[in-house]
Structures are given as structure tokens and as C-alpha cells.
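*Asks:* Dock chain to chain to rebuild the complex, using the hints, since each chain is given by itself in its own frame.
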Amino acid sequence: MKALSSFIVILAFLMPVAAVACPGCIAANEESRNAFLFTTALMTFVPLIGLAIAIRFLQARTRRVEEEAKRTENVLFERS
Amino acid sequence: MHERPISAEQFDYIPRPKPVIASSVLGMGIFLFAEFMLFMGMISGFLIIKSNAVGQIWPPPGQPLLPVGETAFNTVMLLVSGGLLVVAHRAIRDNAQRFKKLLLASIALGAFFVIFQGVEWVALIEQGLTLSSSTHGAFFYLMVGMHALHAVFALGVLGYVYMKTHSGDLKESTFWAAEFFWYFVVGMWPLLYWLIYL
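Top to bottom, those sequences are chains A and B.
The opening position of the first sequence corresponds to residue 1353 in our numbering, with each subsequent residue numbered one higher.
The opening position of the second sequence corresponds to residue 39 in our numbering, with each subsequent residue numbered one higher.
The shape of chain B in the complex, shown without the other chains (with noise of 0.2 Å):
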């Protein structure tokens, strides 16, 4: 039997089976695997240098000490930028001027979370902690480096989403991958608050 070969035209009328879940979703999942993985090995390495510290004293005795209190006031903004996206994502079908505000107001949260970070940055390396200042010094910016920049491309997503809700175009599984994203970074940072700063 001779079948004859279909035009592109008539391929797309195909009906093909709705995928389990959305590409963007399911690539944003393997690559926020991947880093928490990152994340893991790091805290590992974090935890084995603190158990081996002269005396168990940890930070090491001469190091600036970290602001406790200034970033927890930091971490609670944080945690508000996280909780203004889950209130965005129920808001994306029913009320787009209202998803915008809460997105925007969530990523101006997160800014200000990154800008603080770097004040704090800033204030430390003037007290003497730096890279090769101590172990301390040296985990504390490679972890919370990461970290932050983890926060910075994670906004650069949000920001590309949206521009995308302002031209029109923007499908809800874009807006679940950068949202996803976001909630990788906001989750990750109480841990490593806990584990660095207390």
C-alpha cells in the first residue's frame, strides 16, 4: 500500500497528546536540582571545616563578627517577596492588573533583598573580612555569594516576565519556571542564614 506523504499544513491539525508537564517547567526543575546538589555540597564542605575549628569556636576568634539582626530583618523581606509571588500566581487568570502589582512588588522585594546584601558586603570587607581573611571569611562569600547570585539571575527572569505580561504574550508556564526559580532562591536562604549567621 502506497500512503501518501502530509503537507506541514495538515501535519499541525494532527491532534497530539497534552505534554505531562511543560518544557520550560520540567528544564527549570533539572537545572534547580543540579544547584541545590551545589548547594548541598557546599554546606557540606561549610559543615566538616566548622567541626574541625581549633577549640570548636566558630567564627574563629579575631573575625568581624556577622549583622545577626540586620539580616534577619533582611531574610523576613525576602520571605514577603516569596509570599507576594504565591499571591501573584492566584491572581495570573482571575486579575491581571492585580498579577502585575504583586509581581512587581515581589521583585522590588527581592532587589531590595540583593541591595541590602551588598551594603552588608560592603561594611564587612571594611572590618577586615574578606575571601582569604579566614576559612570563615572564605565560606561566607563563596555560600552567600552564590547565593546572591543565584537572587540576581533569578530576578532577571522575573523582570523578563514582566516586560512579557506588558506585551501580551506571556504563557503561564514561563511565569511557573520563573516562579519556581524564585522560590528555589527564597527557600534556600533561611538555611543558609541558620547555618551561617547563628
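Okay, chain A solo, but in the shape it has when bound (with noise of 0.2 Å):
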């Protein structure tokens, strides 16, 4: 039974049929075109800015509360 369940899968993978599923891809008129490629870019770019915006902005703040920290403790020191 097992034999034949993997022997029905193998066979569905040598049976390709084209999978009109992208509408970029299939779309005649070039706007189209560049209407999906314009996406695709960013969708995969503007997470990738988000990210690398945000570990600047928390690399800048921890520098400035640690220089803070710093300047708090000089205080303490020449006051003890």
C-alpha cells in the first residue's frame, strides 16, 4: 500500500502542468510586468530597511544611555 501511494506521488511529479498562478508572469502588457517586479522589490526591501533602521536607532539610544550612566557615575564619584 505504501509502495503505491509513493508510486502515485512519483508519477504526479512526471505529469507537470503549468500553474497559471502568477498574474505578473502571465499578463501580456508591460505595466503588468513592471507592476509585479515594483512589488516583489518591496515587499523585500522595505522590511529589510525597517530592520537595519531599527538596530542603528537601538545602537545610537544604548550608546547615548550608556554615556548617560557614565557621566551619572563621575558624579557619584567626586561627590563620595
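Calculated directly from the structure, the hints in this document are not laboratory data.
Everything numeric in this text was worked out from a predicted model, so none of it was measured.
It is possible that part of the hints are untrue.
Claimed, not checked - Some chain A residues flagged as far from chain B (calculated, every beta-carbon gap over 12 Å):
| id | residue |
| --- | --- |
| 1 | Val1361 |
| 2 | Pro1368 |
| 3 | Met1395 |
Unchecked claim - Per the computed footprint, the stretches of chain A lying under chain B, defined by three or more beta-carbons under 8 Å from a beta-carbon of chain B, are:
| id | stretch |
| --- | --- |
| 4 | 1381 to 1392 |
| 5 | 1397 to 1403 |
| 6 | 1410 to 1424 |
Said to hold, decoys possible - Here are some of the chain B residues that sit facing chain A, going by a computed Cβ distance under 7 Å:
| id | residue |
| --- | --- |
| 7 | Phe77 |
| 8 | Met78 |
| 9 | Leu85 |
Positions of the beta carbon are idealized from the N, C-alpha and C atoms, including for glycine.
*Replies:* Set out below in C-alpha cells:
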């Protein structure tokens, strides 16, 4: 039974049919293709840019907080 | 070596490092980034559908025209609301009364924006533009409606901040988180206006 089901799965892979699932790939006009490429780039790069901005912001903020903490330590030292 | 456990009262006196960023602001940032991607997804779908329009004519023929001029006025109101919040931010430490007034004015203009859009929607529905009338109608109500939903929630958050100023226990980080949310709503709108209306 297991061998038969495996055979059916392999057979299915040997009979490919074109999947018409991509509107940008099948559309005849240039505008559609450009829109598809643009939106793919948008959805790919926006999260990466967002992540880069967040990392830079956190780095700068961490540095500022650490400098502030150092300044406070110095003041305490002088007082004692 | 045997160490004695410390009590809860003693624990409060242990100096802890200052957080790099307030939890409320960080949480709001993560939430807004997810929302930004949601809008980007909708904009992507809209651009692909628009590029596949028959004869490259958008909006499709027979559909009511969108009120470009009136919405431009409404856009200015929203931008002014955002500007007032920037000024309020500067006044938060120095002048509490001025801060309250500016915050209230910002909320009022934001509420005006949402109500004005509601009136526009009623007129458009009467003219025949509905969710199912065309892909134009579907995307219009989906994208503008999603933005309006965010505007309503952000106004609710700003209203909460205003209530807190009256009770006198407003944390600066709470205001920052609310402010961040409102800037997102204000900043997103010109992009949607340009894509959908123009």
C-alpha cells in the first residue's frame, strides 16, 4: 500500500501542468510586469530597510544611555 | 558560602540599568511596523490590479469620480493635526496647560478628518461606489477603510493620553507611544491619497 502511494506521488511529479498563478508572468502588457517587479522589490526590501533602521536606532540609543550612565557615575565619585 | 535571600523591599533598592527604550514605545514600534507591512501589501495588490486594468483606464469607466479637492482639504487638516502634536511634544515638559490645549486641538482635527471621510463615504455609496461595484470600489473601501480604522484607534489612544493629563499620572513614554501611532496615521495618509485619489 505504501509503495503504491509513493508510486502515485512520483507519477504526479512526472506529469507537470503549467500553474497559472502569477498575474505578472502571464499578463501580456509591460505595465503589469513592471508593477509585479516593483511590488516584489517593495515587499522584499522594506522589511530589510526597517530592520536596518531599527538596529541603527537601538545602537545610537544604547550608546547615549551608556554615556549618560557614565556621567552619573563620575558625579557620584566626585561627591564621595 | 551561604547567601541570605533578599526581601522584596530590599530588591527595590538595587540599582537597575535604565532601559534603552521604554517598553510601550518599543511595543508600539513593532506593532506599527507590522501595520506598515499590511499597508504595503494592500498597496502592492492595488498596483498590480491597476496595471491590469482594461485599456489602462483607471478608475474603470462607469464608476463615480472620487472627491479629489475635498479630500485634499481633509488631508491638510490631518497634516495640521500631526503638526500640532509635534508642537505639543515640545511643550510637554515646560508648559502643561499649552500641552493640553495643543493635544486637544490635535485630537479635534483628527476627529474632523474621520467624520469628513464618513460624510464622503455616504455620498460615494449613494452614487453607486460600493465594495462589490468594481475592483476600484473594493480597493477604495479596503485601503481607506483600513486607514480610517487606524485613525479611530489612534484617536482613542490620544484621548486616553488626554484623560491621563487630567488625572496627572501621564508617563512621558505613554505619550511617546501614542504620538508615534498618530504620526503613523498622518504619514500614511498622503501616500494613500496620492495612490487612490490622484
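*Asks:* Among the hints numbered above, which are violated by the structure, and what are their numbers in rising order?
*Replies:* 3, 7
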